[in-house]
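Novice: Once you have looked at the hints, place chain U on chain H.
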Amino acid sequence: MKEEGNLENRPSNTAFTQQRLPAWQPMLSAGVVIPGFLVIGLAFIGIGVGLLITSRSIQVLELDYTGTETNSPCNKCTTLPIQNNCVCKLNFTIDTLFKGPVFFYYSLTNYFQSQRKYGASLDYNQLSGDLTYFKSPASDCDPYRYANGKPIVPCGSLANSMFNDTFKLYQIVNGKENLVPFDGKGIAWWTDYNIKYRNPDYSPLENAFNDTEKPVFWSKPAYKLDTSDSSNNGFVNQDFLVWMRRAALPNFRKLYRRITEGDYKDGLPVGNYSLEISYNYPVKSFDGTKKATFSNVSWMGGQNEFLGIAYLAIGSMCVVMSVVMLIVYAKFRFPEDD
Amino acid sequence: MYGDDSVFEEAIIAEYALVINGHSLAHALEPQLEVLFLDLACLCKSVICCRVTPMQKAQVVELVKRHKRAVTPVVGDGANDVSMIKTSHIGVGISGQEGMQAVLASDFSFAQFRYLQRLLLWFITLFNIVYTSLPVLAMGLFDQDVNDQNSLRHPGLYKSGQSHLLFNKRQFFLCTLHGISTSFLLFFVPYGAFSVMVKEDGSQLSDQQTLAVTIATSLVIVVSVQIGLDTHYWTGVNHLFVWGSLTMYFAVLFAMHSDGLFGIFPNTFSCVGASRNCLSETSVWLVILLTTAVCIVPDLFIRSIRVNLFPTQTDKLRRLQQSRKKQRPQEQNLRRVRRTSSRRSAYAFSHQQGFGELITSGKNMRANRISSTCPHERTAPSSNFIDNVIKRTNVVSCVSFGSPNKHQSDTE
Chain H
1 MKEEGNLENR
11 PSNTAFTQQR
21 LPAWQPMLSA
31 GVVIPGFLVI
41 GLAFIGIGVG
51 LLITSRSIQV
61 LELDYTGTET
71 NSPCNKCTTL
81 PIQNNCVCKL
91 NFTIDTLFKG
101 PVFFYYSLTN
111 YFQSQRKYGA
121 SLDYNQLSGD
131 LTYFKSPASD
141 CDPYRYANGK
151 PIVPCGSLAN
161 SMFNDTFKLY
171 QIVNGKENLV
181 PFDGKGIAWW
191 TDYNIKYRNP
201 DYSPLENAFN
211 DTEKPVFWSK
221 PAYKLDTSDS
231 SNNGFVNQDF
241 LVWMRRAALP
251 NFRKLYRRIT
261 EGDYKDGLPV
271 GNYSLEISYN
281 YPVKSFDGTK
291 KATFSNVSWM
301 GGQNEFLGIA
311 YLAIGSMCVV
321 MSVVMLIVYA
331 KFRFPEDD
Chain U
1 MYGDDSVFEE
11 AIIAEYALVI
21 NGHSLAHALE
31 PQLEVLFLDL
41 ACLCKSVICC
51 RVTPMQKAQV
61 VELVKRHKRA
71 VTPVVGDGAN
81 DVSMIKTSHI
91 GVGISGQEGM
101 QAVLASDFSF
111 AQFRYLQRLL
121 LWFITLFNIV
131 YTSLPVLAMG
141 LFDQDVNDQN
151 SLRHPGLYKS
161 GQSHLLFNKR
171 QFFLCTLHGI
181 STSFLLFFVP
191 YGAFSVMVKE
201 DGSQLSDQQT
211 LAVTIATSLV
221 IVVSVQIGLD
231 THYWTGVNHL
241 FVWGSLTMYF
251 AVLFAMHSDG
261 LFGIFPNTFS
271 CVGASRNCLS
281 ETSVWLVILL
291 TTAVCIVPDL
301 FIRSIRVNLF
311 PTQTDKLRRL
321 QQSRKKQRPQ
331 EQNLRRVRRT
341 SSRRSAYAFS
351 HQQGFGELIT
361 SGKNMRANRI
371 SSTCPHERTA
381 PSSNFIDNVI
391 KRTNVVSCVS
401 FGSPNKHQSD
411 TE
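Respectively, the protein sequence lines represent chains H and U.
To convert, note that position 215 of the first sequence is 215 in the UniProt record's numbering; the numbers rise steadily by one, no gaps.
To convert, note that position 267 of the second sequence is 267 in the UniProt record's numbering; the numbers rise steadily by one, no gaps.
Bound conformation, chain H alone:
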């Protein structure tokens, strides 16, 4: 009826608009899927085996010092009222060389650092050194915002509940106690230490904290966290930073110190040891436990059997699937052409 008159009104006829673009059209054919699954399966089994071997080679030593049992050396520290600076000693032996560098962690259980209100209870402006927030902390910090009429610095429950047990490790050699040197440098993330947390630009640092209160549970204010080293004082104190990095799970482990120096840089040799704990942190009220953990690390981190086993499981599943498909293919002869 209508002739092909007006050519300007024609719709555009490019490959894009007329759906004629060159394309790759993959097909899930038997020749691709069966070898594919086999390759994936074998690769995963290989990774799983590697992970398991590495994980098994990592040494871990855990010492529970909560003190709930009456025969535990730290039991005296759990009786109420909570005494300050109750010191207890744990003796243990190491049977094989604990390969270095050795990392010393403290572990807590049943402690939900990831609880929403608790985890959000802090003021990042304060912690990055902004003095205006020293005078008026953020409302997120309630109820640890003001005390005795003065603003709390650093405010919030997360900072308030900072872990305050301290440890000293001695090796008992010929009846004498040798102090094992601890290294506390760089235990927190570099980005936390250099970017996220900054001290206010004041010297001396103490003056910045005029007319402020220390957190309620702390025994000393932030500017006295490490008086011997000014780069480890105030908000950039390594232990404080490690605590403020909220753990995801209720049973967690946080790095306390490294053993890398002196006679112990190759590890902890065989022998008797004594761990002296200054027990300050109460955990009985929420049925938590405290542990001191020694561990070494590898390219995949700490000891983690879950990853190795999961890889092995998935790998074997893929191999089994590939075999099943091969059998089905042989039996039913997938139709190739119609």
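By construction, these hints were calculated from the structure, which means they are not laboratory data.
These numbers come from a predicted model, not from an experiment.
Think of the CB as a built atom: it goes at the ideal place given N, C-alpha and C, for glycine as much as any other residue.
Where hints are given, some of them may not hold.
[As the list claims (entries may be wrong)] The calculated DSS-like cross-link candidates involving lysine-lysine, where the alpha carbons are at most 30 angstroms apart (straight line), are:
1) H/K168 <-> H/K284
2) H/K117 <-> H/K284
3) H/K284 <-> H/K220
4) H/K291 <-> H/K99
5) H/K331 <-> U/K316
6) H/K331 <-> U/K325
[Said to hold, decoys possible] Heads up, incomplete: computed chain H residues facing chain U, CB under 8 angstroms, no partners named:
7) Q25
8) K196
9) P200
10) V216
Specialist: Frame of chain H, contents of chain U only:
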């Protein structure tokens, strides 16, 4: 499977056509007769309503909409078709001779009738797409499981769409179930792996922000792989959108965790350093790989079993298409599709008398067309009445859209 009011119920044994004019239609559309009229009309292959008013056109469309479980497409080209276009489910306007009123009122418009063929086949595919993200959009725009020639050659492929095989309650439920199980795995696999995770230098890795970054990254990768598996036709645009959205994710992630943004808004961008510390660890990438595999491998397995053991017509055609890709010659124009027994009744409307003579006289045609026609074919307005009637009925038959191009007017 089909309800009582579905259009698939009617089996057309003989080829009947119903012709009804406006005056009779006025009676047929009365409340006590309309259902009877509709049933009769649906038993016919073609229904021609002539000399009807625009209002009656809309009334017939509405009658079909109300009583039949069918989607009503309507094609019109003039201002008198606007009410009909607006009443229908899908209105198609043809631009041109009669102006743009129909186009302005319609959902789709084109310039020539024959384009309707392609529109009919592609519409159902578009209608089901309500996604938002770019890779899925690219898939919706460019994906072709079967190319266009084969689609037209095998219209039976569209049956699965018409009978709601591809998007129904069961499919939706399975989709939801798939989503729930994927999110379950996406959380619990990293959760299990993170129980004791430390970095290579011994410092903490099992913190909240690292877990969040790991899970989010796994999610984006799983979703991208999933859309990759669903895409049958990888054009350049698909590649761009899929890889591009992955790149965008990482770019935005690192931007949000950067020092600069933290400096300006410390409280909002408090995750500074999280992605840097997290994604530079081998163990985290192993967790991401594991999570991706756990989510994708079962799906891949089921998919390949289904495609190879129980192939649908689409799958068979795709395989055939691929094996013959190089040999088949390029077709320039579509071949006329041979009509099998149509199960849809088509309706045609004609306007009231008065325009037929005017149109055939050629007075309203454009200059270049008139010059090519023979002048002696123009008829004088006051000719024999019978001749006029004959000519008019021929003109009327041109506008029935159940069979494009099938009836040719003698005067053309």
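Novice: Work down the list of hints and note, for each, if the structure agrees.
Specialist: Here is what the structure says about each hint:
1. Straight-line distance between C-alpha atoms of H/K168 and H/K284 comes to about 23 angstroms, which keeps the hinted pair within the 30 angstroms bound.
2. Note on H/K117 and H/K284: the hinted pairing holds, with a Cα-Cα distance of about 22 angstroms set against a maximum of 30 angstroms.
3. At roughly 23 angstroms between alpha-carbon atoms, H/K284 and H/K220 fall within 30 angstroms of each other, so this suggested pair holds.
4. Proximity of H/K291 to H/K99 is assessed by CA-CA distance (about 20 angstroms); at most 30 angstroms being required, the pair is judged to hold.
5. A distance of roughly 19 angstroms separates the Cα atoms of H/K331 and U/K316; the hinted pair therefore holds under the 30 angstroms criterion.
6. Distance restraint check for H/K331 and U/K325: the Cα-Cα separation of roughly 29 angstroms lies within the 30 angstroms cut-off, and the hinted pair is therefore satisfied.
7. Given hint, H/Q25 at the interface with chain U, holds; its Cβ is 6 angstroms from that chain's nearest Cβ, closer than 8 angstroms.
8. For H/K196, the suggested interface contact is upheld, since its CB lies about 5 angstroms from the closest CB of chain U, less than 8 angstroms.
9. Nearest Cβ of chain U to the Cβ of H/P200: about 14 angstroms, over the 8 angstroms cut. The hint is violated.
10. Because the smallest distance between the Cβ of H/V216 and any Cβ of chain U comes to about 23 angstroms, over 8 angstroms, the interface hint for this residue is violated.
Consistency note: the structure conflicts with the earlier hints numbered 9 and 10.
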